[in-house]
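J.: Please model the entire structure based on the sequences and the hints provided.
Listed here are the chains, written in short residue letters.
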Amino acid sequence: MIKYILKRLWHSGILAIVMSLIVFFGLYVVGDPVEMLSDDEFTEQDKIELAIELGLDKPLYEQYFTYTGGMLQGDFGTSFVYNRPVLDLIMERLPATLEISLLAMIIGLGIGIPLGIFSGIKNNSRASKIISFFTTVGYSTPNFWQAIILIMVFAVFLQWLPASGRGLTNSMFGIEWAWLSLNGLQHMALPAINLAIYKICMQQRLAKSGTQEILYQEYMTFARAKGITRNRIIRRHLLRNILIPIVTITGLEVGGLIAFSTVTETIFSWPGIGKLLLDSIHMIDRPVVVAYLILITLMFVFINFVVDVMYAFLDPRIRHQK
Amino acid sequence: MIDYKKKLAPLSLQTKSIFSGHPIAIAGLIGFVMFVLIALLAPWIAPQNPYDLMVLDIMDGLLPPLSKLGNGTTSWLGTDAVGRDILSAVMYGLRLSLFVAFIATTVGSLIGVFLGLLAAVKGGWVESVIMRAVDLKVSFPGILLALMMLAIFGTGVDKIIYALIIGVWASKARLTRSSALSEMQKEYIDAAKISAIPNWRIMLKFLLPNSIAPVLVMIPMSLSGCIGAEATLSFLGVGVPITEPSLGLLIANGNDYLLSGKWWISIFPGVVLVSLVLCINVVADRIREHNNPFLKSMNMQ
Numbered sequence: 011m012i013k014y015i016l017k018r019l020w021h022s023g024i025l026a027i028v029m030s031l032i033v034f035f036g037l038y039v040v041g042d043p044v045e046m047l048s049d050d051e052f053t054e055q056d057k058i059e060l061a062i063e064l065g066l067d068k069p070l071y072e073q074y075f076t077y078t079g080g081m082l083q084g085d086f087g088t089s090f091v092y093n094r095p096v097l098d099l100i101m102e103r104l105p106a107t108l109e110i111s112l113l114a115m116i117i118g119l120g121i122g123i124p125l126g127i128f129s130g131i132k133n134n135s136r137a138s139k140i141i142s143f144f145t146t147v148g149y150s151t152p153n154f155w156q157a158i159i160l161i162m163v164f165a166v167f168l169q170w171l172p173a174s175g176r177g178l179t180n181s182m183f184g185i186e187w188a189w190l191s192l193n194g195l196q197h198m199a200l201p202a203i204n205l206a207i208y209k210i211c212m213q214q215r216l217a218k219s220g221t222q223e224i225l226y227q228e229y230m231t232f233a234r235a236k237g238i239t240r241n242r243i244i245r246r247h248l249l250r251n252i253l254i255p256i257v258t259i260t261g262l263e264v265g266g267l268i269a270f271s272t273v274t275e276t277i278f279s280w281p282g283i284g285k286l287l288l289d290s291i292h293m294i295d296r297p298v299v300v301a302y303l304i305l306i307t308l309m310f311v312f313i314n315f316v317v318d319v320m321y322a323f324l325d326p327r328i329r330h331q332k
Numbered sequence: 029m030i031d032y033k034k035k036l037a038p039l040s041l042q043t044k045s046i047f048s049g050h051p052i053a054i055a056g057l058i059g060f061v062m063f064v065l066i067a068l069l070a071p072w073i074a075p076q077n078p079y080d081l082m083v084l085d086i087m088d089g090l091l092p093p094l095s096k097l098g099n100g101t102t103s104w105l106g107t108d109a110v111g112r113d114i115l116s117a118v119m120y121g122l123r124l125s126l127f128v129a130f131i132a133t134t135v136g137s138l139i140g141v142f143l144g145l146l147a148a149v150k151g152g153w154v155e156s157v158i159m160r161a162v163d164l165k166v167s168f169p170g171i172l173l174a175l176m177m178l179a180i181f182g183t184g185v186d187k188i189i190y191a192l193i194i195g196v197w198a199s200k201a202r203l204t205r206s207s208a209l210s211e212m213q214k215e216y217i218d219a220a221k222i223s224a225i226p227n228w229r230i231m232l233k234f235l236l237p238n239s240i241a242p243v244l245v246m247i248p249m250s251l252s253g254c255i256g257a258e259a260t261l262s263f264l265g266v267g268v269p270i271t272e273p274s275l276g277l278l279i280a281n282g283n284d285y286l287l288s289g290k291w292w293i294s295i296f297p298g299v300v301l302v303s304l305v306l307c308i309n310v311v312a313d314r315i316r317e318h319n320n321p322f323l324k325s326m327n328m329q
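Sequence lines, in order, name chains G and V. Start counting the first sequence at 11; every next residue gets the next number (my numbering). Start counting the second sequence at 29; every next residue gets the next number (my numbering).
Simulated from the structure, these hints should not be mistaken for laboratory data. Just so you know, even glycine gets a beta-carbon here, dropped at the ideal spot from N, CA and C. Each hint should be verified, as a subset may be incorrect.
Computed cross-link-like contacts, DSS-like style, restricted to lysine-lysine with a CA-CA straight-line distance of at most 27 Å [what the hints assert, rightly or not]:
(1) V:K96 <-> V:K290
(2) V:K165 <-> G:K13
(3) V:K214 <-> V:K233
(4) G:K17 <-> G:K132
(5) V:K165 <-> V:K150
(6) V:K290 <-> G:K17
(7) V:K221 <-> V:K150
(8) V:K221 <-> G:K139
(9) G:K17 <-> V:K150
(10) V:K221 <-> V:K233
If you want the ones that stay clear, here's a sample from chain V, every Cβ over 12 Å from chain G, calculated [stated by the list, open to error]:
(11) V64
(12) P71
(13) N99
(14) V110
(15) G111
(16) D163
(17) P169
(18) M176
(19) V185
(20) K214
(21) I222
(22) I225
(23) M231
(24) A259
(25) L286
(26) S303
T.: Listed below in structure tokens is the structure:
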């Protein structure tokens with residue numbers, strides 16, 4: 011097991027380095043920040059001085075090491091637009107993204123898995139067909155279109171829930187959270203549901219196909235033949251075995267949720283990191299874009315590592331393979 | 029696990045056995061063909077050319093569905109802020125959305141299949157490099173990679189096609205490699221090797237036709253994925269340019285008017301987008317189900 015973890019750790023390290031290289035060279039080399047920061051009144055001399063100040067006169071590899079060196083000390087550069095350290099900007103907005111992503115995840119798993127198991131067991135029933143129809147429509151509908159419909163129905167026609175902003179926040183552990191107040195929760199509802207719909211549909215489909223595949227395995231027939239009660243079969247034999255694909259996908263989807271929150275946050279004006287990324291892309295605020303992408307890359311590498319280890323933990327076959 | 033190793037039967041036979049007795053899938057297929065026809069014929073059947081600024085009249089702006097336009101014709105689905113007929117804009121938008129998705133899916137799949145075959149045949153460091161690249165790609169959500177690409181290279185129809193191709197190739201490479209590897213253990217490949225047939229010929233003549241089935245099964249799914257992704261990126265304003273609106277961009281344009289009750293600008297392109305993706309997904313599900321022998325044997329029980 012330790013050998014396996016070390017091997018995965020080694021892979022993750024390489025992955026992180028390769029991705030940081032791609033992001034850095036992709037964004038820091040294409041386009042010229044001097045042209046972007048300077049205006050018409052800049053002389054050639056001013057531009058050269060600006061380039062020296064930004065460290066752009068140095069060779070590329072040196073720029074990369076300077077950047078990653080600063081990054082390791084928590085210095086991700088300064089935003090052109092806000093004129094503040096990038097890391098502060100991102101850290102300020104991270105809780106907002108985390109809270110809707112987590113809420114969406116809870117809703118998605120809590121509804122999707124039971125629905126999936128149900129429609130897997132009662133494959134040919136009418137209820138199962140209706141559920142499957144709705145989930146097909148659900149995952150065929152782009153996220154942003156669902157958001158528009160949600161806003162139209164719940165915010166404009168029914169006027170039950172607010173359609174934008176984060177509402178009141180309360181402080182916990184020195185961080186501002188929206189879920190601590192009713193007003194904040196109301197503001198969270200639509201964005202979280204928007205993110206959750208896709209999750210519900212995905213989990214339903216996964217759990218359904220997993221259930222069907224396991225239902226006809228020999229050990230299930232054997233368990234039935236032994237006269238084990240239905241509930242126990244579902245708990246001990248079915249749930250455990252469908253958990254493996256679900257854990258993998260869920261792990262990867264935590265990252266997916268945070269990535270998709272760019273869309274949801276933009277539509278609902280939710281002040282998280284996804285909205286920050288899109289605003290920064292539009293305003294060509296390069297330090298923020300680079301820092302966001304590198305941070306999210308590191309996060310993905312970490313999530314992949316955790317998922318691999320959990321996978322091995324749940325399924326002994328994996329940790330013993332060469 | 030799922031056994032994909034199914035030889036390709038003649039296409040007509042395949043189609044018949046996939047769709048017979050599945051009305052929803054048939055409806056999806058008919059819907060899809062209809063959308064493709066509308067997209068292909070748009071320049072001839074659309075009431076106006078929405079890209080031609082000369083025919084647009086600002087006086088016709090923001091008219092509800094079934095209004096009379098200044099030139100005496102009826103606008104069935106209403107007009108947007110600059111007087112563009114929504115029906116025409118949707119037809120042209122459909123054309124662009126489908127075009128982008130078709131190109132991205134085709135090129136992405138070709139690249140994926142080629143790299144997958146190459147990895148299987150060459151082995152060694154070629155295989156490691158290709159498969160590590162696949163791992164790298166698969167561990168990131170497509171939307172994020174696309175945003176990354178568009179942030180680096182800027183926006184435009186060509187750029188969004190590149191960004192979508194990046195999203196398509198990896199899973200195809202992985203699938204092709206694994207089915208080619210199992211194909212390579214069979215005797216006819218050994219026989220071919222002994223007959224001193226060059227590697228590239230083995231790859232194209234023997235491995236390709238015998239290991240492409242699982243990739244073909246995935247293609248409808250990729251197509252609908254590309255359509256959704258392009259719409260999302262265009263909606264966010266990092267996709268196609270404003271002069272050539274796709275369905276996603278049309279929805280974004282109308283989004284500003286939605287709260288003031290001018291629903292038709294967004295709703296019609298949105299309905300078309302969702303129906304298109306739904307039609308493809310219904311067909312895709314059916315094809316996948318058909319090609320999954322495990323599910324089939326289970327349904328017979």
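J.: Confirm or reject each hint.
T.: Status of each hint after checking the structure:
{"no.": "1", "hint": "V:K96 <-> V:K290", "verdict": "holds, 17 Å"}
{"no.": "2", "hint": "V:K165 <-> G:K13", "verdict": "holds, 25 Å"}
{"no.": "3", "hint": "V:K214 <-> V:K233", "verdict": "holds, 15 Å"}
{"no.": "4", "hint": "G:K17 <-> G:K132", "verdict": "violated, 42 Å"}
{"no.": "5", "hint": "V:K165 <-> V:K150", "verdict": "holds, 21 Å"}
{"no.": "6", "hint": "V:K290 <-> G:K17", "verdict": "violated, 58 Å"}
{"no.": "7", "hint": "V:K221 <-> V:K150", "verdict": "holds, 13 Å"}
{"no.": "8", "hint": "V:K221 <-> G:K139", "verdict": "violated, 50 Å"}
{"no.": "9", "hint": "G:K17 <-> V:K150", "verdict": "holds, 25 Å"}
{"no.": "10", "hint": "V:K221 <-> V:K233", "verdict": "holds, 12 Å"}
{"no.": "11", "hint": "V64", "verdict": "holds, 17 Å"}
{"no.": "12", "hint": "P71", "verdict": "holds, 26 Å"}
{"no.": "13", "hint": "N99", "verdict": "holds, 31 Å"}
{"no.": "14", "hint": "V110", "verdict": "holds, 21 Å"}
{"no.": "15", "hint": "G111", "verdict": "holds, 23 Å"}
{"no.": "16", "hint": "D163", "verdict": "violated, 8 Å"}
{"no.": "17", "hint": "P169", "verdict": "violated, 4 Å"}
{"no.": "18", "hint": "M176", "verdict": "violated, 6 Å"}
{"no.": "19", "hint": "V185", "verdict": "holds, 18 Å"}
{"no.": "20", "hint": "K214", "verdict": "holds, 24 Å"}
{"no.": "21", "hint": "I222", "verdict": "holds, 30 Å"}
{"no.": "22", "hint": "I225", "verdict": "holds, 32 Å"}
{"no.": "23", "hint": "M231", "verdict": "holds, 27 Å"}
{"no.": "24", "hint": "A259", "verdict": "violated, 5 Å"}
{"no.": "25", "hint": "L286", "verdict": "violated, 7 Å"}
{"no.": "26", "hint": "S303", "verdict": "violated, 9 Å"}
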